[in-house]
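Q: Which chain is which? The protein sequence lines are A and B, in order.
Residue numbering for the first sequence follows this note's numbering, beginning at 1 and increasing consecutively.
Residue numbering for the second sequence follows this note's numbering, beginning at 331 and increasing consecutively.
Derived from the structure by calculation, the hints contain no laboratory data.
Note that the structure is predicted; figures quoted are calculated from it, not measured.
Misleading hints may appear alongside valid ones.
Claimed, not checked - Here are the simulated DMTMM-like pairs of lysine to aspartate or glutamate, each with C-alpha atoms no more than 20 Å apart in a straight line: (1) A:Lys325 x A:Asp299; (2) A:Lys62 x A:Glu93; (3) A:Lys23 x A:Glu70; (4) A:Lys62 x B:Glu401; (5) A:Lys110 x A:Glu148; (6) A:Lys62 x B:Asp462.
Stated by the list, open to error - Quick look at which bits of chain B chain A covers, simulated, 3 or more residues with Cβ under 8 Å: (7) 341 to 352; (8) 532 to 540.
Just so you know, even glycine gets a beta-carbon here, dropped at the ideal spot from N, CA and C.
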Amino acid sequence: MSETILQVKNLSTSFRTERGWLKAIDGVSFHVYQGEILGLVGESGCGKSVTSQSIMRLYDEKRMTRYQGEILLNGKNLFDIPYHQMQHIRGSEVSMIFQDALSSLNPVLKISDQLMEPLRIHQHLKPAEARQRGIEMLRLVGIPAPEERMDQYPHELSGGMRQRVMIAIALACRPKLLIADEPTTALDVTIQAQIMDLIVSLNRQLQMGVMLITHDLAVVAQTCQRVAVMYLGQIVEEGAVPDIFDRPLHPYTQGLLSSIPRMDGDRREKLHVISGTVPLLHQMPSGCRFAPRCPYATDKCRNQMPPLQDVPGGQKVRCWIAAEKEASHE
Amino acid sequence: MQASTLNRTELQAIRRQLVREQRIVNIRRFFRNGLSVVGLVIVLLMVLLAIFAPLITKALGVDPYTSLGREMRLQPPSAAHPFGTDNVNRDVFARVLYGTRISMTVGFLVGLLSAAIGTTVGMYATINAVWDNILMRICDGLKAIPNILLAITLMAVLGANIQNVILSLTIVSIPGVARIARSQALLVREQTYIDAMRSAGASRFHIMWRHILPNILSPIIVQMTFTFATAIISEASLSFLGAGIPVPAPSWGGMLKEARSYIYNGWWMVVFPAIFTGLSVLSFNLFGDGLRDLIDPLSGR
Chain A
1 MSETILQVKN LSTSFRTERG WLKAIDGVSF HVYQGEILGL VGESGCGKSV
51 TSQSIMRLYD EKRMTRYQGE ILLNGKNLFD IPYHQMQHIR GSEVSMIFQD
101 ALSSLNPVLK ISDQLMEPLR IHQHLKPAEA RQRGIEMLRL VGIPAPEERM
151 DQYPHELSGG MRQRVMIAIA LACRPKLLIA DEPTTALDVT IQAQIMDLIV
201 SLNRQLQMGV MLITHDLAVV AQTCQRVAVM YLGQIVEEGA VPDIFDRPLH
251 PYTQGLLSSI PRMDGDRREK LHVISGTVPL LHQMPSGCRF APRCPYATDK
301 CRNQMPPLQD VPGGQKVRCW IAAEKEASHE
Chain B
331 MQASTLNRTE LQAIRRQLVR EQRIVNIRRF FRNGLSVVGL VIVLLMVLLA
381 IFAPLITKAL GVDPYTSLGR EMRLQPPSAA HPFGTDNVNR DVFARVLYGT
431 RISMTVGFLV GLLSAAIGTT VGMYATINAV WDNILMRICD GLKAIPNILL
481 AITLMAVLGA NIQNVILSLT IVSIPGVARI ARSQALLVRE QTYIDAMRSA
531 GASRFHIMWR HILPNILSPI IVQMTFTFAT AIISEASLSF LGAGIPVPAP
581 SWGGMLKEAR SYIYNGWWMV VFPAIFTGLS VLSFNLFGDG LRDLIDPLSG
631 R
């Protein structure tokens, strides 16, 4: 495939709390190629958003947060850059759109002011040029009558429009990587589909890498080329979308996929549930993190943390049993 | 029926019309509150009096400083001297009018300066915990001393003149504004749009001045009108205590101080400066209340 834009190696992010340092994500590794959409899925609180905000280095690093590992953006480690230089990277090389479309725009500033800002910060455009580019961007994200929209305030636009404006702001400087953190959560279903279509078509048009964070497996199946599944701050399985959906290896992925209600399923049967609950971050099991909820767990699983291993066929899985079984197939 | 494809100019016209209507609704909302309108009218009147004081006194042929001669000592109000004359034979009306200038100047400058400095202090306190502690503990320290006492101390150190009155009252008023600015900025800072702007590459100071400031401005403007009223009363108190504007200058507080000794044989010397002081403070407070209701219609109902 084409070149790698983002490579995350062994990323851990810890936060300082009253109970000491808590590792919200622990040894996360993945990569995003140019022009592809990588899905990052997992349940609430598993560290998807922490991963994305760590890539942007949006956390307060002086006192509350500690990072370990490497984030290579075009081969350059973002953790080697001084913190105050990150603002030159944000918005020009990596951009992010947030889940809360309704409150991602400053209510007291016009659309034009907010849309022109990254252009003026990063590309030092003059107001007239920036305005022109802003109008082009609004047209690109499918906003009708962009000249009028420029002079409106966020409250005059609908939720879907606002998310389109956010996408326009994020893409104004043509970043190589777009992080979309549940971009459709705050929107209703028909608008969700439109926004996802927009992201997919812009991904093709601009040949940028997209990291799509979601908990919606249907969205992943429709839009992503590859997917990484997260559980409790770790990636438990990674691979191409068709492979993972056809042949999930990790018991957690299997559980997730069988929890999807199906049109052709037996209506009398209850929906599959992954038993147990997510353990708290400070009561982490010592072995495999999924072991307490896993139907196949052995003593080895409970005592030893499995590594994320390559298995034949291009998938990666963090499971002793699945990795062994796949290796023996060979 | 015709297809409803409005062209761009028609759409713009509709939009402009809506904006205009909203503005009218806002203005109407302010004017529905009778008291705040009274406040606004008196405020405007005071400002006009302050601006045109020299013209008015000239037209009446009076002057706040010159003695009218021995026979004019402590004369009660009359057609020529509507507010009477004082113990050193000066026209009280002219002096009250010139007092308006002093009070309005002090009020305006203290309001503006303390809002500007207080907002800056409050916003910088939200940068990190170290700044927060340093700036806010200084503010706490200033607040711990009673305002008038602190102002008198500052005046004693700096020397009595109008610039120093403004300076010391500004110092006294800064902590109040800084607290409001800080608390508002802390709220705004947590909003998604601030994260969104950070992820678009805006620097911390850019975010502070361009994104946080406009969002916290309205409560600060309301606070400014109250600071205004407080500054007028504080200036009067300082002058009354003899720590404010030095004597020949016609400040209301200073006039009351002199009038104190003549309260039984020259009531007009006490009553007119007192009415003006009270009226201006009251009107600024009423106006401020109206502004606050306009900005946040749910509060105080």
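Q: Next step is simple, just say for each hint if it's right about the structure.
A: Each hint, compared with the structure:
1. At most 20 Å may separate the alpha-carbon atoms for a hinted pair to count; Lys325 (chain A) and Asp299 (chain A) meet this at roughly 17 Å.
2. Distance hint between Lys62 (chain A) and Glu93 (chain A) is unfulfilled; the C-alpha atoms sit about 24 Å from each other, more than 20 Å.
3. For the suggested pair Lys23 (chain A) and Glu70 (chain A), the alpha carbons sit about 16 Å apart, so the restraint of at most 20 Å is met.
4. For the hint linking Lys62 (chain A) to Glu401 (chain B), the alpha-carbon distance of about 77 Å lies beyond 20 Å, and the restraint is violated.
5. Note on Lys110 (chain A) and Glu148 (chain A): the hinted pairing holds, with a Cα-Cα distance of about 11 Å set against a maximum of 20 Å.
6. Among the hinted pairs, Lys62 (chain A) with Asp462 (chain B) is consistent with the structure: their alpha-carbon atoms are about 15 Å apart, no more than 20 Å.
7. Using a Cβ-Cβ cut-off of 8 Å, 3 residues of the segment 341 to 352 of chain B lie near chain A, which meets the minimum of three, so the contact claim holds.
8. With 4 residues having a Cβ less than 8 Å from any Cβ of chain A, the segment 532 to 540 of chain B passes the three-residue criterion, so the hint holds.
When held up to the earlier numbered hints, the structure conflicts with 2, 4 and fits the remainder.
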